[in-house]
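From just these sequences and the hints, can you work out the full model?
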Amino acid sequence: MVNKHFVLLSNEDNVFVCCKQLLKGSSVSLEDVDVTMTADITVGHKIARRKISKGEKIIKYGVSIGSAIEDISFGEHIHMHNMKSDYIASHTRQSKAGVKS
Amino acid sequence: MKGYLRADGRKGIRNVVLVTYLVECAHHVARAIVNRYARNNVQLIGFPGCYPNEYSLKIMERLCTHPNVAGVLIVSLGCEGFNREQLAKTIEESGRSVDTLVIQKTGGTRKTIDAGLVSVNDLLVEAEKVDLVPMDINELVVGTICGGSDGTSGISANPAVGHCFDQLIANDATCIFEETGELIGCEQIMAERAITPELGAEIMKSVEKAEVYYTKMGYGSFAPGNAEGGLTTQEEKSMGAYAKSGSSKIHGLIKPGDLTSQGGLYLMDVVPDGEPQFGFPNIVDNAEIVEMIASGSHIILFTTGRGSVVGSAISPVIKVCANPETYDNLSDDMDINAGKIINGEASVSQVGDEIYQLVCDVAQGKQSKSEELGHQEFVLTYKRFEDIGPSCLPTVR
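Just so you know, the sequences run in chain order P and H. Under UniProt numbering, residues 1 to 101 are what the first sequence spells out, in order. Under UniProt numbering, residues 1 to 397 are what the second sequence spells out, in order.
Don't read these hints as lab results, they were simulated from the structure. Here a beta-carbon is modelled for each residue, glycine too, at the ideal position from N, C-alpha and C. Mixed in with the good hints, there may be bad ones.
[What the hints assert, rightly or not] Some residues of chain P that are not near chain H, with every Cβ distance over 12 angstroms (derived):
1) 34
2) 51
3) 55
[Claimed, not checked] Pair ranges (Cβ atoms, derived):
4) H:357 x P:50: 36 to 46 angstroms
5) H:2 x P:3: 26 to 36 angstroms
6) P:34 x H:275: 52 to 62 angstroms
7) P:23 x H:343: 17 to 27 angstroms
Next comes the structure, spelled out in structure tokens:
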């Protein structure tokens, strides 16, 4: 547990996982650095542990779970809008996203 | 622990009479028979298609001779392709009671329902005669599946089931995990856990096959709810799903309906062989549950983050809820609250111990939540498999 809102699953990770919801605009201290949430973050979702560049691997559980498709700033929500699978496309009810290039 | 001793020597934890229809055209008659019984040990299963299929015959044979099953009533329309004679012969040879009713020969709907009630009454009388004998934990087969996964599944419920699996395997029980399509990205680490390098190579091949198959289907094993729950990619979901397998060595790679002869951890390859022929590998969670039951599972551990409510025919399903908010919302359907881990109120091993205890209790007759609620979902569709290779079930330990 980093604090009551986020957990770090592995030391190599560049994401934190939310274990208690946090609303947009609220601030939280992550490893001694204050950051303001730019979106509502609900349980199970990920935020960036540090700045991540486009093309860089997203690391969770100590392994790659895909790649950033744009630059991601510290504390930013990481999801289908800024990362993609390196294997196979994911889809939502409305559309397909993260198509392998 | 006690189990129902079958004539073939296998032991069950439930004493079920099955009514199975062999084509959709016989579904209504079979259901009407089952609905007359206000008891949960008369259960309905069936196969919808008219064309014959080796896989569905094999799965149906395994289900009808499952250790939890005492006897079977087969309901056939008469003209469908399903080999009812072979199914009846297999059930009879296992020492179980079996009766076949062919609607076209029996005189239609009403007469077949009436005849079916007489048959089921006889099957229930026979079931009552089955001996309860001592049963050890090492005779238990437990399968696991995740459904409605979210970002909490991989850090609470799934590792807790993994901890339970490690304990079961330490006691020489048999554990099955599955869905190679949900293990895409984990093939290398899984291969390293195989008891032989040749088995490791087979595991690599099975996941590569899954990736090719799912790519051709146009979808990974990834539902919109997974994304709403915080999961972004197939490999992220896979890493979470993988945690259900615990940390034991992998003893074999089996396909649906294959039986194992010794305890340990087994991976089930559920993705069909060859070019895609009949569509998605598994259209829904219950299709995978049926396949693990066909391979002998007495109990299924079902982890869920978004909140699945299903159970199954034949074997009890235990629901392990990963997400504390979902648990609060759907607690009537959930057996175990692994959301405590997310809230920091319990450790993975504490919840794993709780699951292990519940497995023992359910094996001794305690009803799981889905059983209490009457859930007996069942799905069986067309597939095609080749037999497993010689390296898939090494005999060394």
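Against the structure, the hints:
The Cβ of residue 34 of chain P lies farther than 12 angstroms from every Cβ of chain H, with a closest approach of about 22 angstroms, so its non-interface assignment holds. Distance check for residue 51 of chain P against chain H: the nearest CB is about 18 angstroms away, which clears 12 angstroms, and the non-interface claim stands. No beta-carbon of chain H is positioned within 12 angstroms of the beta-carbon of residue 55 of chain P; the least distance is around 15 angstroms. Checked against the hint of 36 to 46 angstroms, the pair residue 357 of chain H and residue 50 of chain P passes, with Cβ atoms roughly 41 angstroms apart.
Between residue 2 of chain H and residue 3 of chain P the beta carbons are some 49 angstroms apart, a value that contradicts the proposed interval 26 to 36 angstroms. For residue 34 of chain P and residue 275 of chain H, the hinted distance range of 52 to 62 angstroms is satisfied, since their beta carbons lie about 55 angstroms from each other. Checking the proposed 17 to 27 angstroms range against residue 23 of chain P and residue 343 of chain H shows it holds: the Cβ atoms sit about 19 angstroms from each other.
In this structure, the one hint that does not hold is number 5.
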